[in-house]
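Chemist: Using the sequences and the hints, build the whole thing.
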Amino acid sequence: MAKIVIDGVTYDVNPDNNLLQECLSQGLDLPYFCWHPCMGSVGACRQCAVKQYRDADDKEGMLVMACMTPASEGSIISIEDEQAKSLRASVIESLMISHPHDCPVCEEGGECHLQDMTLMSGHNYRRYDKKKVTHNNQYLGPFINHEMNRCITCYRCVRYYDDYAGGTDLSAQASHHHVYFGRHEEGVLESEFSGNLVEVCPTGVFTDKAFSEHYTRKWDLQTAPSICTGCSVGCNITPGERYGTLRRVVNRYNSEVNGYFLCDRGRFGFEYVNNTDRLRDAVKQGGGSSEKLSTEQVATVIDEFKSASTIGFGSPRASNESNFALRCLVGEENFYAGYSDSEHEATQLIVQLAKDKAFNSPSIREIEKADAILILGEDVTNVAPRIALALRQSVRNKARELASASRIPQWQDAAVRELAQHERSPLSILSTYVSRLDDVASDKVIDTLPNLASMAFALANAISDKSPNSTSPADEYKGVIAKIAEQLQKAKRPLIIAGSTSGNLDLIKAAANIARGLNQQRSEPIDLCLLVPEVNSIGMGLLVNADNSLQAGLARLDGGSATRAIVLENDLFRRAPKTVVDNALTKAEKVLVLDQFSTATSDKADYLFPATAFSEHEATYINYEGRAQLSFQVHQCATGAMPSWRWFGEATDIESLINRCTNEAQGFDKLARLLPDKGSFIAGMKIPRQSHRYSGRTAMRANLSVHEPKQPQDDESVMSFSMEGISSQKDASLMASAWAPRWNSNQSISKFQDEVNGELKQAHPGSLLIERDIETSSYFEPSSNAESSENGLHVSLAYQIFGSDELSARSSSIQQRMTDPYIGLSPDDAEAKGFKHGDSVSLGATDSTAIVCIRTSIKPGSVVIYCGNSEINAAELPSQIEISLNEQAEVLRGIKGLIVSDLLEEEY
Amino acid sequence: MYNLIKDTLISQVVTLWQVMMHMFVKADTVEYPEEMPYMFPRWRGRIILSRDPDGEERCVACNLCAVACPVDCIALQKTEDEEGRWYPEFFRINFSRCIMCGFCEEACPTNAIQLTPDFEMAEYVRQDMVWEKEDLLISGTGKYHDYNFYRVAGKKIGGKDKGEALNEAVPVNVRSLLP
Chain W
1 MAKIVIDGVT
11 YDVNPDNNLL
21 QECLSQGLDL
31 PYFCWHPCMG
41 SVGACRQCAV
51 KQYRDADDKE
61 GMLVMACMTP
71 ASEGSIISIE
81 DEQAKSLRAS
91 VIESLMISHP
101 HDCPVCEEGG
111 ECHLQDMTLM
121 SGHNYRRYDK
131 KKVTHNNQYL
141 GPFINHEMNR
151 CITCYRCVRY
161 YDDYAGGTDL
171 SAQASHHHVY
181 FGRHEEGVLE
191 SEFSGNLVEV
201 CPTGVFTDKA
211 FSEHYTRKWD
221 LQTAPSICTG
231 CSVGCNITPG
241 ERYGTLRRVV
251 NRYNSEVNGY
261 FLCDRGRFGF
271 EYVNNTDRLR
281 DAVKQGGGSS
291 EKLSTEQVAT
301 VIDEFKSAST
311 IGFGSPRASN
321 ESNFALRCLV
331 GEENFYAGYS
341 DSEHEATQLI
351 VQLAKDKAFN
361 SPSIREIEKA
371 DAILILGEDV
381 TNVAPRIALA
391 LRQSVRNKAR
401 ELASASRIPQ
411 WQDAAVRELA
421 QHERSPLSIL
431 STYVSRLDDV
441 ASDKVIDTLP
451 NLASMAFALA
461 NAISDKSPNS
471 TSPADEYKGV
481 IAKIAEQLQK
491 AKRPLIIAGS
501 TSGNLDLIKA
511 AANIARGLNQ
521 QRSEPIDLCL
531 LVPEVNSIGM
541 GLLVNADNSL
551 QAGLARLDGG
561 SATRAIVLEN
571 DLFRRAPKTV
581 VDNALTKAEK
591 VLVLDQFSTA
601 TSDKADYLFP
611 ATAFSEHEAT
621 YINYEGRAQL
631 SFQVHQCATG
641 AMPSWRWFGE
651 ATDIESLINR
661 CTNEAQGFDK
671 LARLLPDKGS
681 FIAGMKIPRQ
691 SHRYSGRTAM
701 RANLSVHEPK
711 QPQDDESVMS
721 FSMEGISSQK
731 DASLMASAWA
741 PRWNSNQSIS
751 KFQDEVNGEL
761 KQAHPGSLLI
771 ERDIETSSYF
781 EPSSNAESSE
791 NGLHVSLAYQ
801 IFGSDELSAR
811 SSSIQQRMTD
821 PYIGLSPDDA
831 EAKGFKHGDS
841 VSLGATDSTA
851 IVCIRTSIKP
861 GSVVIYCGNS
871 EINAAELPSQ
881 IEISLNEQAE
891 VLRGIKGLIV
901 SDLLEEEY
Chain B
1001 MYNLIKDTLI
1011 SQVVTLWQVM
1021 MHMFVKADTV
1031 EYPEEMPYMF
1041 PRWRGRIILS
1051 RDPDGEERCV
1061 ACNLCAVACP
1071 VDCIALQKTE
1081 DEEGRWYPEF
1091 FRINFSRCIM
1101 CGFCEEACPT
1111 NAIQLTPDFE
1121 MAEYVRQDMV
1131 WEKEDLLISG
1141 TGKYHDYNFY
1151 RVAGKKIGGK
1161 DKGEALNEAV
1171 PVNVRSLLP
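Sequences listed follow chains W and B, in order.
The first sequence begins at 1 in the numbering used here and counts up by one.
The second sequence begins at 1001 in the numbering used here and counts up by one.
Please keep in mind that the hints were generated in silico from the structure rather than gathered at the bench.
Nothing here was measured: the structure is a model prediction, and the numbers come from that model.
Keep in mind that the hints are not guaranteed to be accurate.
To be verified - If the Cβ cut is set under 7 Å, some of the chain W residues that face chain B in the computed set are: (1) His101; (2) Asp102; (3) Val105; (4) Tyr128; (5) Lys132; (6) His135; (7) Tyr180; (8) His184; (9) Gly187; (10) Arg217; (11) Arg697; (12) Ala699; (13) Met700; (14) Gly897; (15) Leu898; (16) Ser901.
C-beta: ideal position from N, C-alpha, C; glycine also.
Modeler: Right under this line is the structure:
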């Protein structure tokens, strides 16, 4: 801690930071543009000028840029100094010379950092009367709008897109006052994190295109703290609703999880909530007709299912509460897993490893601290995208290390990058196809899954000879194994990533062996990040018994020992072979399905009840690290849909259900800690979901009736569906949206942090449920390798950020980026079989088709299959497959626009 | 006695005299509705949406009138034509709530929403006081004749490309090396 004096007041600050960051940490208002809490300083915009004095006797002082000046002990500065103020005013006046006078038609208006800073600096009238510089815009894909005239050349976009997120197709072009930020030619922005440009850009150059189609000002959105349901990371988001439809999703800061950034699946994948094909009423169906059920009839149906011969299938995309309520209804022994058997086995193993004291499940903030990373078989960018963004920061730890050795402050972004050049912390990737992280990888090995597993076991053996070896890997890999083993052993904070989406249990076991080997060489737990595909895979995995796999449940229906089935928010045809599901559901006397949409499974249902989507109910989800997080209801559901747990009649309100789950379900004993403390609210008042500027309340429904209805009441939650109430002063995680006086943009979040980049004030970032209480030193044995036959190609699965997730694939903007299912083949195999890029093929014995995509990196003898949005049933794929040409196959979207780096050159 | 007369009676007589003199003063009131009173142009009455000098809708659906409205009686939704021009998909004023304060007109950055000297808005059915865009939009420019927001703003719309707005240079060629 250092003491500095700002405008005559002494503050305790961190001398490792710069003055701007420390001023903001102290809650002072100092305008800035180019500095970003995650990206450090470059001193490009000159907006944060302050006066610095040599000592107490210095009355003159000199102007310095706060973001480029360390907050060193004894500094004396003034923000309010007249000269500093007038410099800031003239800087912003010159930045605004060519600003296009279009705030009314700008999507950023009302939450614009530039508007806020202009007001703060006092500039209001354009005195310069010469011509304004103008630019032509580019088409940048379905997510982002480009309006280059609004640019103030702060360089934040390229610093984020290229330097932080590793993009290659956005750059600064031209020079002097002609500087242009865009692509080399019009086209889709390739990065999976392009949506963050909307929030990174301090003005309206990059705006949310999907939001613009049904645009609403920030103050008119009804918002609440929510959790993204796109993958297992559980990023914190703020969805906004207006006129009954969900309008957009923006980032909500959580110091441990997503920080300031989201991926594009999370930001744009919510639109399915507004789809018109959502289920609306509880119906009884059969014989091609459906009949609407009344409330009493629904109760009778549920009573009908309360028998010992009813089994329930949970869902990894439903909340803990819905899964738990179903388990209460059918009984623990009748509650079966809602994901494929291989995933069930993997998830059970992951849960078991999460209890082991030797390991630590790293949060994203901890992942960013890793200085040697090994990824085993996971395509992180497409499975848990936000983690891929974090990994791009962890490879920079080498640069940070070099910088501290040269005594360069970490916030000197340009200097640190210049010093490090291409020096990176080691990131080794073992996978079946080239991933989007390869540009920062130090070593990459591409092979079939069994070969990768034996290599991973050899690596564990190289780290600790107590770890069992399997069939020895090919000689060519010996060198790289030794190299990776050395890197991991040398690292201060090694990180191993594996997971259930690779579909190979051995890779998880090998990852555990490697981490255990490292753990035995040092005292602290080793970061072992085990990924699962869906938002609540872990939550459902904790609720389901190890023996209750999906196919065990289906076998009970098939065998007749169970006659009724309840399927919770799940399409079982994605999870098990078609014939198995078909037989089981046909044999069942009665099937009740609850879902948001009709699916192949719901077509088989006798009763179909509509369930609410993520923004329409309060719920808890458990992410990959075992962190339970609470998501609030944002808006009311206009149709007859209800949260699944409410249909079951097991509880009347969410709070009692969470409390019951806490008491009854094993491993959930910390869940109730997520519930906000009602005693901390002022005068017991609720927290408003609508901002104090919310407009149109007496006109928005006036076309239906001029007599305004009472504001909808929320009897269960601590939030209200109106402007009534008082914003929580103590728990910043309960803010409807980030807003502070004079700070209308999302940058206002610094007002709610303990310090910049720190925790939110008095807020808890979720609660880690899984207790680490197992101490063991035993290593996993590799499973005996099935004999591989000579015929057929080795199958592994590929995923796509846009398309692999069931619900987000129903969003219209995501659909514009989706492709048909494809098979990735090596050029040699394609030539041998006579396939060309873009041909349609049939896959072995299954009746699915896919499109050939020739990728240079794929190992001859193996095939990578991307199943699309369940067009191919992954559960039906054998480990080895024959592929044949199929010219009649239907092509919907094709594979144009697929972003992979290793397409054959001629195919571009 | 004298003081009593001076303080009360004279005052009464003067008052009576002044009231009587008013019989010869021109009346301020008119025989409404047979005769219409003169309404000043800036009188705050019925709200209209005006068009720009080119005959296009002036409203760009920026929502500033709605947020300025103290009784929240304006609701609208932005939409966009194929060439990028913003306009309201619907624009609704609930006149049964409106207090004719004129804040919406002050907030409007495009001179679209204007208050007019028309006050005859009484209805027998309250629902009829809810006016939609079709009811509000007039075919003229209202009080402000010359202003056209899109001629000033740098956003490209149909019929006006980049660099064609007021005070704008032609768009930069980023491939050029010239200063």
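Chemist: None of the hints should be skipped; say for each whether it holds.
Modeler: Right, here's what the structure says about each hint:
1. His101: Status holds, d = 5 Å.
2. Asp102: holds, 4 Å
3. Val105: holds, 5 Å
4. Tyr128: violated, 10 Å
5. Lys132: Because about 5 Å separates W:Lys132 from the closest Cβ in chain B, which is inside the 7 Å limit, the hint holds.
6. His135: holds, 5 Å
7. Tyr180: holds, 4 Å
8. His184: violated, 10 Å
9. Gly187: violated, 16 Å
10. Arg217: For W:Arg217, the interface hint holds, since the closest Cβ of chain B sits about 5 Å away, which is under 7 Å.
11. Arg697: The hint holds - W:Arg697 has a Cβ within 7 Å of chain B, the shortest such distance being about 4 Å.
12. Ala699: holds, 4 Å
13. Met700: Result: holds, 4 Å to nearest chain B Cβ.
14. Gly897: violated, 23 Å
15. Leu898: violated, 29 Å
16. Ser901: violated, 26 Å
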